[in-house]
Amino acid sequence: MKIYGADYYPEHWDESVWDKHINLMKEYGIEWVRIGEFAWAVVEPREGEYNFTVLDRAIAKLKSNGIKVILGTPTATPPAWLIRKYPEILPVDYHGRVREFGSRRHYSTNSKVYREYAARITEEYAKRYGKEIDIWQIDNEFGCHATTYSFNECDRKAFIEWLKVKYGTLENLNKAWGTVFWSQIYSDWNEIVFPINTPTFENPHQMLDIYRFMSDSSIDFMNMQVEIIKKYSDKPITHNFMIDFMDIDYRKMARTLDFVSWDNYIATVDYDPLRQAANHVLMRSLKKSPFLVIEQQPGRVNWREVNENYDAEFLAMWTKQGYLNGALGVMPFRFDQIRFGAEQYHGGLLDYAGRPTKRLELYSKSRQETEGILSPKPEVAIYFDYENEWMHRINHVNRKFKYWDNIVEIFKAVRELGYNVDFVFGDDDIEKYHTLIVPYAFNIADSFVKKIKNFKGNVYMTCMSGLKDEKNWIVERIPDKLIDEFGIEVTDFGAIG
Amino acid sequence: MKIYGADYYPEHWDESVWDKHINLMKEYGIEWVRIGEFAWAVVEPREGEYNFTVLDRAIAKLKSNGIKVILGTPTATPPAWLIRKYPEILPVDYHGRVREFGSRRHYSTNSKVYREYAARITEEYAKRYGKEIDIWQIDNEFGCHATTYSFNECDRKAFIEWLKVKYGTLENLNKAWGTVFWSQIYSDWNEIVFPINTPTFENPHQMLDIYRFMSDSSIDFMNMQVEIIKKYSDKPITHNFMIDFMDIDYRKMARTLDFVSWDNYIATVDYDPLRQAANHVLMRSLKKSPFLVIEQQPGRVNWREVNENYDAEFLAMWTKQGYLNGALGVMPFRFDQIRFGAEQYHGGLLDYAGRPTKRLELYSKSRQETEGILSPKPEVAIYFDYENEWMHRINHVNRKFKYWDNIVEIFKAVRELGYNVDFVFGDDDIEKYHTLIVPYAFNIADSFVKKIKNFKGNVYMTCMSGLKDEKNWIVERIPDKLIDEFGIEVTDFGAIG
Amino acid sequence: MKIYGADYYPEHWDESVWDKHINLMKEYGIEWVRIGEFAWAVVEPREGEYNFTVLDRAIAKLKSNGIKVILGTPTATPPAWLIRKYPEILPVDYHGRVREFGSRRHYSTNSKVYREYAARITEEYAKRYGKEIDIWQIDNEFGCHATTYSFNECDRKAFIEWLKVKYGTLENLNKAWGTVFWSQIYSDWNEIVFPINTPTFENPHQMLDIYRFMSDSSIDFMNMQVEIIKKYSDKPITHNFMIDFMDIDYRKMARTLDFVSWDNYIATVDYDPLRQAANHVLMRSLKKSPFLVIEQQPGRVNWREVNENYDAEFLAMWTKQGYLNGALGVMPFRFDQIRFGAEQYHGGLLDYAGRPTKRLELYSKSRQETEGILSPKPEVAIYFDYENEWMHRINHVNRKFKYWDNIVEIFKAVRELGYNVDFVFGDDDIEKYHTLIVPYAFNIADSFVKKIKNFKGNVYMTCMSGLKDEKNWIVERIPDKLIDEFGIEVTDFGAIG
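Residue numbers (our numbering), protein chains in the order written: chain U, 25 to 521; chain G, 25 to 521; chain F, 25 to 521.
Isolated chain U (complex conformation) (with noise of 0.2 Å):
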């Protein structure tokens, strides 16, 4: 399957538009589409009153005219006489104060009024739409604008669920979090707190567990209408996962995704070919197989403080090189470009009169450039966790040290050696690369120690690879299990500026 589409929003449009968007992405060669993931109010525009009018007929013209459609649940948007109706839905952001409505995103995932909210219209969604689209895509940008995290109430309490679930007492809490130091001995549940706006430096075993279970909420919430969604329809299932994000773990995420799809927009101020290269092959390698490229920076974006425009041969050479990464599809957002709202000066493949772009026309002809192009075949693997990035966020030794940074550095100097990279994870097999590195790793999964020990390639490891255990202590002796296998041990440390 390879995927030649865009992402196009009908109902941004008067339905006597569409004959004519839908004739130019026949014209160009367009014949997948992404749609619905925002359009909750136009669905269900008061509580209980369900009108899927302009969905129905967008849908059934796009079918009857050959193009395929991605689905998108679109809960992502809560509309605002939800957030009227239970204020105690919107997220609440570590400064303690609430995340309006106004924009989008504007959730907890823990909120339990919530998540019935979202379980019902994604259950309208399945039962509508399941037999007729091609594939699903689960709300739109998990995690996106910080919204991994929130810390209201419901959050706690889910929070403090979530701790009983892993410790089952107190007395294993409080020893793997090391309360005694400074006096947080906890001796009810119910006195955990988010440690919000506090006097200095938090508990960082806690904090790690906070990084982990609001990863997890994020991964239930989807899950929970992966569920739904199966019970409907057999169609494929993804979710649009972003550039350089390490809020949730991706990982972990992907296991109930039948494909991994990705948004990429360039990742930082100056553009970075090999960065973008990096960012393909962590999403290809967090199921080892083709991903989709569901959004693609067009040209010109809207959410950067100096917006420069792109050639539109930027577009083509994106393209190519999200198949050169084993890509199944590229698809540029959006097809059509749009007058009002938030992103309206985001470029797309019309221009602002509907109008054909140079974009539309390089992004067609890339489809005959692509053809053939082979997937490639790993030769080095540089080990990659989540939980890592989350450890060198908290109170580090190095506050300027970003994991995924550095890690990008090493794959790049690997990549100029010309050979081909996969980022592995403490549970992927690892025996068909020749060589293995093993980059900033605080914690090494025990049974990834065990894989490193019988790697038969070389192995390369750096600082602070081997300091912490899973608990997010310091070990006894550095690196952790590794000191006789690398002949070393590390006895002191500190950073370089």
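Since the hints were derived computationally from the structure, they do not count as laboratory data. Hints may be right or wrong, so weigh each one.
Since the list gives no way to pick one copy over another, a pair counts as held whenever it fits inside one copy or between any two copies.
As the list claims (entries may be wrong) - Dumping the calculated DMTMM-like pairs for lysine to aspartate or glutamate here, alpha-carbon to alpha-carbon at most 25 Å: (1) K259 <-> E147; (2) K505 <-> D375; (3) K477 <-> E251; (4) K199 <-> D375; (5) K382 <-> D516.
Given the coordinates of chain U, work out where chains G and F should sit on it, guided by the hints.
Quick look at chains G and F alone, frame taken from chain U:
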């Protein structure tokens, strides 16, 4: 009428010192004083307990010595007893935090209870001094310290009422705001909230209406006072506008004022004479008539990070610059230099011991040097619009772009070529100018588009002009309605860093 | 008395490890330990359930091995059960936000309920260990993490009571605070609030009283504990002051302490030996007597952005520097290096596996190198006053100006000329010095003005000295009361960038 005077605070001194002050005024030709604009707690120390003795005696003494009085209504500083009784008067900032009592301007213009108290004290002032004093100033520096914006529940309710008047129906509002984007469709007026601390970018059409509403709120609050005063007094009414200040539509605010006044402080960290001139010209252009510099920086101020001193010659130069740009007077702030209070480091015309300074001496001499200065005859018109300023603040393609700063650069270039400039607004006549410049005018009023087409002289337009309609939507074809006139269409664009 | 010792946390270890620790202490000459200052939840895990086993056994074992004990009261860390029961204990920061449980110092010193609980646990400590241990430390680093300042309702009420004592009548307060400025006149004590998040600059006289009140609150809270301890124990009492710390008037706080202790960490990002010396000298100058470095940075710390390592020779050098400036001991923080908790990256005298480090070895050797060091004989006095520090923080003519930083520059210049320095306070005798410097002394106490006039040696004064009275008003004529003495009057001034 020429106004030679200064700002004065009799209530800051023991009455025994007034004679010394007034003798110095007479000695140095100070014929006008502005007084009373922060005196509320002096005249009403407890609710309903009026004691006008200090103002009565000060005004009587000034008038009997031939000094004319500009009296300010004291509504910029609601007293402690009022805030304690009605804390809901306090404004709420963009972060959702109450702005507390303890400085000044601690009120929301939309608080109904505050409007009642403000009306009452204004009426007391107007009844008592309506015949006696010479000019009225309403409140003090509306919007200073970002107080145009308040987001409490009073403000929200007032905003909804304002929207009902503007749009009539929610259907109209939903359409104008493009609420179909990101599922923001409203089904009940009361669902509308301020987008405070939202996860990501706000609705740009809603934001523009918020800017308009907040500006209107200050204007309404002022006009309430204007109407009360007119019941008791036929003296001219003004308000002191601010330098480089764009939160309130001064063009609209100036309509009910008899003349424009403004407070001329150095706008930028480095002194830029032509930027000061641009402000003078903007103030003159609001009503196309002479204005009063009702507060003139005398030398050192107190509110900068580093408050440097200025030689007294600067005050003389600034005074002359005011006249050269069409001022009817320039009043240094303040006559008396004060040892206490939040402005204790601010310079005055006297020193801390009450002795005359060289500033007073040179200000006094500047009088003869400004005799006979004629008002400038503008030749070049630069289109300016407060609503464009607000559009440029919202989700910009280049968030570093500053509308007014860039207008000033054009103003400076024209002045350096030797031409006099007026700023012109959409409803101004422009026939008398030989050249018209329309810079960065996102939206150009329909009526002004017609004037551009009919203009006899050269018209210069820049990038970004004609990009938006009045709802803050991007137009289909750019520049809107002027493609034929200029013979160019903009089909794509981007920001340059 | 000379104190060779280190800070130690027996509760962080299984009792089985203590023997190994104590043997190492004896081997390396550690004769003193400070313990127990964060042990509240260990000894009172639930309200009223005391369990002193750990402290009892640790103290017994230490004492029986000839190691002397400094015991800290544990009030810096109220347990989770107490905060859950009385959340009003939590402090509120300058932004109006509650500072949550989850680190340390999460209490307002003005909370009445917290004072009760703090008194109770102090009494338990004092009763149990009053005879047994050797020195008391009250709490830990009062004011650390900006916790001198709290703005909750308890604090507001306490502030009003403090003001009543100081001013007697509102009339006096209104006059002293110059509340006629900006209409801030109070007609009822209860109208007084903290100027949190005000639209603009606060009342500078109110602010000075707030700084004084907050400092007094910490001092009162400490003195409450001092009095309780004295009922049960005749051992010396101290408190660990901080480096470069100016929120509390340490001169006033030191009065009820038997000697001054302080925590010597590198004050600035770059290590500046003379700045460290200035801190030693300030600590010595508080009581003009020897002080204890009760915590000495051992090498790497954990709380910087980039926590570099230091060769062990640094610890030896820092130790000797302490003695050369009049210390009676220098105790590295901490003996045991810990694998968990918010300070897990902080260095110690042992390594993570409990093995002695080169730091321990060199600290041990420094003992013989510090034998016979004599206390310095100061020749030059530099006038210093915590209240001046606070005045320099408020609405300054040059907000970049830092009082203590500039005092340190003068200190360094004098030391580089080869002279020993004391800091002197308003009530110190200054006859024994040959030179007096009065730098940046906004307000000079009346009693000290007399001393300046009578001083036999040279007196050097800088700009800004004598600008303010004790209410933080600018004086009429500058420098206040010293114009004749110095033969100069400052009639105008300004800041230089």
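Outcome of the hint check:
1. K259 <-> E147: within (15 Å within a copy, 70 Å between copies)
2. K505 <-> D375: Only across copies: K505 and D375 sit 17 Å apart there, 59 Å inside one copy, limit 25 Å.
3. K477 <-> E251: neither (39 Å within a copy, 63 Å between copies)
4. K199 <-> D375: Close across copies (21 Å), not inside one copy (61 Å); limit 25 Å.
5. K382 <-> D516: Between copies, since 11 Å is at most 25 Å while 58 Å is not.
Checked against the numbered hints above, the structure violates only hint 3.
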